[in-house]
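Student: Residue numbers (our numbering): 359 to 588.
If you are wondering where the hints come from, they were derived from the structure by calculation, not from laboratory data.
Some hints could be false.
[Unchecked claim] Straight-line C-alpha distance at most 30 Å; calculated DSBU-like pairs for lysine-lysine: (1) K552 <-> K452; (2) K501 <-> K436; (3) K436 <-> K484; (4) K452 <-> K501; (5) K532 <-> K552; (6) K522 <-> K450; (7) K484 <-> K502.
Bear in mind that the values here come from a model prediction, so they are computed numbers and not experimental data.
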Amino acid sequence: METDLDLILMILENPTRRDIIKRLSEEPNYPLQLAKDLGLGQQLVAKHLRVMENAGMVASSVESSPYGPKRRIYTLNKNMSVTLDVSTHFFKAKVVFFDVEPEREEISDSSASFMDKMDETLEHPKHPERITPFTTIISDIDKKLEALENERAILLYIRNFAMKEASRILEVFKNSDTRRIIRYALDEHDISVKSISESLNLREAVVRQALLNLKKGFNIGVGFVAEETE
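With these hints in hand, go ahead and build the complete structure from the sequences.
Tutor: In structure tokens, the structure reads:
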């Protein structure tokens, strides 16, 4: 079954569509103007826009023009972040949407300070000279994001190192299904028989027996396997 992530990756894998999305992230635009800005044929741009609109990535509407016939204008329809982590001992693909303003109680003190600055800035008239406060906010947020990304890269290295060492220990298990089950539990922090069965395409009976063997023979899973296996 196709997921949001599958659909998004299908859209983003095409470099032309990425260029169109980048331009639309700056402002809504018309197919003709997009074609001119990107140095592409209008028919090619229109084709990609149809694909993205069918996928829900962009939306369009028709508006009147003082210079001629009505024109169709396109806007981005999603606010999201896509992360793809690939390493020798780890793989994870994830999409997070940020279309909805978070509740204040969900926001950290650091993020709340940015929201407070935004509220203060929005109280002033929207004149061109008032763009400076937004420049400062954007710059400060970008610095914060860069620091978080650097920290994330370090944590990913340590996680991959830990999984590498755990994989060495897993070599004691000769059954490949058992090794897959343990890796799944380590990666997903989930030892539900149903979840493991569906994710690894293994029969529930096989998963349940493997968990029992781990619990009885190697004392693995004591405290959280019992409920699923008894």
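Student: Against this structure, judge whether each hint is valid.
Tutor: The hints, checked one at a time:
The suggested pairing of K552 with K452 holds, with an alpha-carbon distance near 22 Å, which does not exceed 30 Å. For the hint linking K501 to K436, the alpha-carbon distance of about 24 Å falls within 30 Å, and the restraint holds. A distance of roughly 26 Å separates the Cα atoms of K436 and K484; the hinted pair therefore holds under the 30 Å criterion. Between K452 and K501 the alpha-carbon distance is near 23 Å, which keeps this suggested pair within the 30 Å criterion.
For the hint pairing K532 with K552, the CA-to-CA distance comes to about 23 Å; that is within 30 Å, so the pair holds. Straight-line distance between C-alpha atoms of K522 and K450 comes to about 16 Å, which keeps the hinted pair within the 30 Å bound. At roughly 26 Å between alpha-carbon atoms, K484 and K502 fall within 30 Å of each other, so this suggested pair holds.
Hint compliance for this structure: no hint is broken.
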